[in-house]
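Q: These are the residues of each chain, in order.
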Amino acid sequence: MSDLEVTVLVDDQHREQLSEVVEALQAAGMRVAQCMQQIGVVAGTIESTQMDRLCQVEGVAAVEPSQSYQLEPPDSEVQ
Amino acid sequence: MVNNLNSMTAQPEMTGRYLVLFREGAVNEGMQTLTEATGLGMASDEAANPPIVLSTLGVAVVDVAPEQLQSVRASAEANSAILAIEPEQVVYALEEPDFMPPKLTQSSQNPDIAVDYLRGYRDAVNHLIGSLLPAEQSQLTQAVDESESTWGLQATRVVNSCSSGIGIKVAVLDTGFDLNHPDFVGRVVVSKSFIPGEAVQDGNGHGTHCIGTACGSRAPGRLPRYGAAYEAEIYAGKVLSDRGSGTDSGILEGIEWAISNGCEIISMSLGAPTQIGTRYSPIYEAVAQRALQRGTLIIAAAGNESRRDLGIFNPVARPANSPSILAVGALDSDLQMARFSNRGLNPDGGQVDIAGPGVAVYSSWPMPTQYRTISGTSMATPHVAGIAALHAERSGLRGQDLWNLLMKTARRLPLASEDVGVGLVQAP
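Which chain is which? The protein sequence lines are A and B, in order. Oh and the first sequence: position 64 is 64 in my numbering, straight run, nothing missing. Oh and the second sequence: position 166 is 166 in my numbering, straight run, nothing missing.
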């Protein structure tokens, strides 16, 4: 069992009620780290086997595991 | 309603003669074919001017009636000595705009061809050859003079622009910024770190280099000039650590912060590799659409995963592969593709939208190094972002309208659109 970082997209109809969606996400097992009002995104972590539950939450348009980004080392010629 | 368009359209002016292009090394053979078919230069045909044969170019100019050429055209097969026949146009010497065409008279005994006529004639031949041969790639034979400004600012015409980006907020989401760099003294810099435990101060260098290209000074401490929008307000969001790593949540937080602050432009020289068939992220796409609606244009690097010299082409990286994020490919100073620049291999947003200077790009670097020259689509992206700020200032356009203006004003290149999109970004 491991925790997964996820980002959740809130649909246009529920962007004004972001706090209600956040409460529902928490009830579904998500530990919410950031609420982004302007773009309608919620970020946090959830037990990896529970991720699908977040898709069932009303007002959720999409759920994705957070992806990592890595630049080339600062001394490389191509960055 | 009467359509007067045809009468308004400029028609090429014809001389009544024809240009004949011969296969290489087959001028004599071609002239023979031509003479046999048309009776060219026969004594009985006093009215016509003698043919002019330009052996080196493999071209002849002939004064024959159109119907005489019909049989020649019909016999122009695959192996024929005659490659093409075109009506000769009246042309004006390109390098001399004041030149007025002389009356095209010529004595058959003593050809007295004006120099101006020959120049115009050469241009016509070049035009004919150019239209028949595959487009040759333009190669700059001379190295660009970077003593005053970088090649990137020259190629994008930033150095010729009257705009400075004043009043425009440009967010660069990267490894932060060297807040003590001497070239940015007196500039408006708003910054925030989204990396837990790390300050904005750039311990990597990448962010300082990108901010330099997008927003660097018009008169840096040491020439050359390397920055586009030299009076834009700088929003330095640290979403990548000093080790160059980050996550979606940090990047999205940076976008949220930039939109909250009313930034017109967000520059993201970052990306995660994708595969053939990878779909764009619905989250980034919705976020980018919402940003455009708020008047914020997101610009991102197409990615460096390709090795074109080895025949390896990889698709545009995430999140630049979102349809509503402007994806930027990289060019070198010969305006050829950078060998690492990714290709638009996936449909539905996976295209490259535009290209910018991305090879041997000189810009700011954290002190004490101060300046560095590096390559990458990461370097092409802030060129587009800075130039977008110039357009935003000049035109007042935002969001999708600003996107459209960048597309419209780009310089078209003889390269595949899957590599460069509409072409090289151009300053207003």
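To be clear, the hints were calculated from the coordinates, so they are not data collected in a lab. Treat the hints with care, as some may be off.
Here are a few chain B residues that face chain A, going by a calculated C-beta distance under 10 Å [stated by the list, open to error]:
1) G203
2) V239
3) S245
4) I259
5) S260
6) W365
In silico SDA-like pairs for lysine to any residue, Cα to Cα no more than 25 Å straight-line [to be verified]:
7) K408/B <-> D242/B
8) K192/B <-> D52/A
9) K192/B <-> S48/A
10) K192/B <-> Q50/A
11) K192/B <-> D242/B
12) K192/B <-> Q37/A
13) K192/B <-> Q67/A
14) K192/B <-> C35/A
15) K408/B <-> G295/B
16) K192/B <-> G167/B
17) K192/B <-> L40/B
Glycine included, every Cβ here is placed at the ideal spot set by N, Cα and C.
Q: Can you verify the interface hint for S245/B: is its Cβ closer than 10 Å to any Cβ in chain A?
A: Since chain A brings a Cβ to about 5 Å from S245/B, closer than 10 Å, the hint holds.
Q: Can the restraint linking K192/B and L40/B be considered satisfied, given a maximum Cα separation of 25 Å?
A: 81 Å, violated
Q: Is the shortest C-beta separation between S260/B and chain A less than 10 Å?
A: Holds - the Cβ of S260/B comes within 10 Å of chain A, reaching about 5 Å at its closest.
Q: Starting from K192/B, check that the Cα of S48/A is at most 25 Å away, please.
A: At roughly 30 Å apart (the allowed maximum being 25 Å), S48/A and K192/B break the hint.
Q: Is the shortest C-beta separation between I259/B and chain A less than 10 Å?
A: 4 Å, holds
Q: Are G203/B and chain A close enough, Cβ to Cβ, to be under 10 Å, as the hint says?
A: Interface hint status for G203/B: holds (9 Å vs cutoff 10 Å).
Q: Is the Cα-Cα distance between K192/B and D242/B 25 Å or less?
A: 14 Å, holds
Q: Can you verify the interface hint for V239/B: is its Cβ closer than 10 Å to any Cβ in chain A?
A: 8 Å, holds
Q: Going straight from one Cα to the other, do K192/B and Q50/A come out at no more than 25 Å?
A: 33 Å, violated
Q: Is the Cα-Cα distance between K408/B and D242/B 25 Å or less?
A: 37 Å, violated
Q: Is it true that the CA of K408/B sits at most 25 Å from the CA of G295/B?
A: 18 Å, holds
Q: Are the Cα atoms of K192/B and Q67/A separated by 25 Å or less?
A: 21 Å, holds
In this structure, the earlier hints numbered 7, 8, 9, 10, 17 are contradicted, and the remaining ones agree with it.
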